[in-house]
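Guided by the hints, dock chains B, U and Y onto chain D, whose structure is given.
Residue strings, one per chain:
Number of protein chains: 4
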Amino acid sequence: MSDRYSSLNLWMTTSRIETLVDGIFAIAMTLLVLSIGVPTITGHLSETAFQQQLWALWPNILCYALSFWILSGFWRTNHQQFQFIKRSNPTLITINVLWLLFIALMPFSTEIIAEYGGSYFTANVIFQLNLFFAGFIYILNWQYATRRGLLDENISEITIKTLNISSVILPILSIIALVLSYYVFAWSNLVYLIHPLLKKILNRYVNNSN
Amino acid sequence: MSDRYSSLNLWMTTSRIETLVDGIFAIAMTLLVLSIGVPTITGHLSETAFQQQLWALWPNILCYALSFWILSGFWRTNHQQFQFIKRSNPTLITINVLWLLFIALMPFSTEIIAEYGGSYFTANVIFQLNLFFAGFIYILNWQYATRRGLLDENISEITIKTLNISSVILPILSIIALVLSYYVFAWSNLVYLIHPLLKKILNRYVNNSN
Amino acid sequence: MSDRYSSLNLWMTTSRIETLVDGIFAIAMTLLVLSIGVPTITGHLSETAFQQQLWALWPNILCYALSFWILSGFWRTNHQQFQFIKRSNPTLITINVLWLLFIALMPFSTEIIAEYGGSYFTANVIFQLNLFFAGFIYILNWQYATRRGLLDENISEITIKTLNISSVILPILSIIALVLSYYVFAWSNLVYLIHPLLKKILNRYVNNSN
Amino acid sequence: MSDRYSSLNLWMTTSRIETLVDGIFAIAMTLLVLSIGVPTITGHLSETAFQQQLWALWPNILCYALSFWILSGFWRTNHQQFQFIKRSNPTLITINVLWLLFIALMPFSTEIIAEYGGSYFTANVIFQLNLFFAGFIYILNWQYATRRGLLDENISEITIKTLNISSVILPILSIIALVLSYYVFAWSNLVYLIHPLLKKILNRYVNNSN
Chain D
9 MSDRYSSLNL WMTTSRIETL VDGIFAIAMT LLVLSIGVPT ITGHLSETAF QQQLWALWPN
69 ILCYALSFWI LSGFWRTNHQ QFQFIKRSNP TLITINVLWL LFIALMPFST EIIAEYGGSY
129 FTANVIFQLN LFFAGFIYIL NWQYATRRGL LDENISEITI KTLNISSVIL PILSIIALVL
189 SYYVFAWSNL VYLIHPLLKK ILNRYVNNSN
Chain B
9 MSDRYSSLNL WMTTSRIETL VDGIFAIAMT LLVLSIGVPT ITGHLSETAF QQQLWALWPN
69 ILCYALSFWI LSGFWRTNHQ QFQFIKRSNP TLITINVLWL LFIALMPFST EIIAEYGGSY
129 FTANVIFQLN LFFAGFIYIL NWQYATRRGL LDENISEITI KTLNISSVIL PILSIIALVL
189 SYYVFAWSNL VYLIHPLLKK ILNRYVNNSN
Chain U
9 MSDRYSSLNL WMTTSRIETL VDGIFAIAMT LLVLSIGVPT ITGHLSETAF QQQLWALWPN
69 ILCYALSFWI LSGFWRTNHQ QFQFIKRSNP TLITINVLWL LFIALMPFST EIIAEYGGSY
129 FTANVIFQLN LFFAGFIYIL NWQYATRRGL LDENISEITI KTLNISSVIL PILSIIALVL
189 SYYVFAWSNL VYLIHPLLKK ILNRYVNNSN
Chain Y
9 MSDRYSSLNL WMTTSRIETL VDGIFAIAMT LLVLSIGVPT ITGHLSETAF QQQLWALWPN
69 ILCYALSFWI LSGFWRTNHQ QFQFIKRSNP TLITINVLWL LFIALMPFST EIIAEYGGSY
129 FTANVIFQLN LFFAGFIYIL NWQYATRRGL LDENISEITI KTLNISSVIL PILSIIALVL
189 SYYVFAWSNL VYLIHPLLKK ILNRYVNNSN
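Residue numbers (our numbering), protein chains in the order written: chain D, 9 to 218; chain B, 9 to 218; chain U, 9 to 218; chain Y, 9 to 218.
The following block holds chain D by itself, in its conformation from the complex (with noise of 0.2 Å):
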């Protein structure tokens, strides 16, 4: 105990870490919108006209939406591992925050890909990276606090294999997405919306198999 406090490197609960996870989520979650971008019109425009216009935006709003379900994605996750992640230490805290650099960096991509996933690879790229780096990170975020003892005492062994496989799936979807762009361009995102399910069928798999 002494020991923990004459040293900087603290022990520390995670609740402040959550604070800010869900900070950020909460703000990234939110300026995604700006990306959509309210059509700027002068003079009258029919009806007709006025919705050409707002049909136009039909790709941001799509990827809005998209980004906005996977973020809520590395959400949960983040919400999982830390229902048994009961301790930090500074370097549990510089991955959260690496994580979080690339969080807080899709309002960015998300526009990159709405505004050019459509008609350039390399936009897609961008957009397919940041998310393999985020997925990438948080399955270094289990692996660390799971062998640093950072965990709950109580969790069981199926429970760390079972996050260990779903930590995985986030990051193969984005190398597929990505491989996928190059023929398809955007539409390659259409493979985030098979998560939910893989996860269940992977979780099935995991507590047959024990």
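Incorrect hints may have been included.
A pair counts as met if it fits within one copy or between any two copies, since identical chains are not told apart.
To be verified - Straight-line alpha carbon distances no greater than 30 Å define the calculated BS3-like cross-link-like pairs of lysine-lysine that follow:
| hint | residue 1 | residue 2 |
| --- | --- | --- |
| 1 | LYS208 | LYS94 |
| 2 | LYS169 | LYS94 |
| 3 | LYS208 | LYS169 |
Since the hints were made in silico from the structure, they are not lab data.
For chains B, U and Y alone, kept in the frame of chain D given last:
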């Protein structure tokens, strides 16, 4: 218990959902202000000319205040429902994420109606549909929580019934506003001002009929 | 108890109001920074010319700092009042929502006064009225909470009186600033700097007279 | 106790300061992303030309990552100090509000240095002074809390000393970066990368010398 731990379908407390909800509401409500937009004035105007420039902002300010008020209504509904919802599961989180998707869209819809709601029926349709879907999803939220036994066990039948009815008010108002907007454009939004009154009347009615 | 549960007019704890308040303040205070605006420079300037471009921002930076300070004053008032307000009801929430509506408007008013407060009296009127209404609503908040018995039961008469007086300072300052701004434009805002001093004097006065 | 209640100079818990701090950090860190700015492209470019457009953003992305990292460092310092600061008073709140004023200014300073830090010394001065003042105020925060007895009573002398030294690192780094920027412009920011290393070394040194 071990079943809960060995499964990804974890039962969770609701505290972090509430934090995310509070965060997204705080941001969406504050981002609304960006829909007002400070006019750019070049050269020196007379005081009267300056006032006219600012006066042109009144529909934006009105829409800001209205959306702020409506969003606070949604927040209260969440507040009320989660006073009784004591447990959470992945489906409940999904429902709330979809709901937040429409909440976070409000700064966009508000700017659309503030800019174009006075001249285009379509602008009103977008705003009212946004509110309708947000309201509708929260009927589902309460229905789901009730049927899946996620509520506080001490809740009375009459409270369940009251919140049932209470959750229907906002979606109905948005349909009325939608229909009215065909004739009076953005003025139809004034129907939302009777929300608190309607709530009180229905509440009294339910309590008397029991 | 059953009466509470059978009614929509639920008595609520104040914790979620405080979360929403903290969230909206955090965002409004941070959004103020957008009112500064980075100048767009094309071509290469000399270091001195660049400094002149930045120097033109000083009224914006001053207004940013001032509004940040004033908002922190409002946050403290909320902090102080809710240290004693222990229960909540729908009317108290309505009062707070209306208050937050004016708080969230501050980034707009700040940009108005930063851009035009040096040349147009009307810009000052908008800023000061925004502050006046925010301040006035918080007199009502305290009055309402006191009369409806929402306070901590151990609160002393003198504390109630002190907070009564304390809540009046800011609205009065905004009226003074409003009048002064007719003569000295945005310089009138300097009166807000005496806020802490005034609070201390009044506090001492109340404590001595008892 | 009655003295506390009869006075506006209330002793307060620190929980709401922490909530405001977490909120402002979450927003400031996420707003940084707006300093990147998606390029506007008209007409259809070749994939290579598009990549060049995006490539031009690298100083902005670097500055985003750097400021995110520095801000997270400030947040950790706050986290560490408030693990031991157990009580609050109006002066402590004032210190923290002034500190937050410089924290919330970071999206502005980051955009300044991202846009102009490569060509103008003045841009670097602004960024480094912003960091210096933020760091300096947090030396004051710890000094004040220590002298006024706001700390946890079980804190050891060595922890106080460690945090004393720890709080000095960032302001010193900002002075070094300021001086270096005269010669190497924005590259001087690389000194911030040695922050964690310096912290570890100093920590070990303090612990050994006792």
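Hint check results:
Proximity of LYS208 to LYS94 under the C-alpha cut-off of 30 Å is found in both arrangements, the shortest distances being 25 Å within a copy and 24 Å between copies. Both within a single protomer and between protomers do LYS169 and LYS94 lie at most 30 Å apart by alpha-carbon distance, with minima of 18 Å and 28 Å respectively. Taking identical chains as interchangeable, the C-alpha atoms of LYS208 and LYS169 lie at most 30 Å apart only when both belong to the same chain, with a minimum of 14 Å there against 34 Å between chains.
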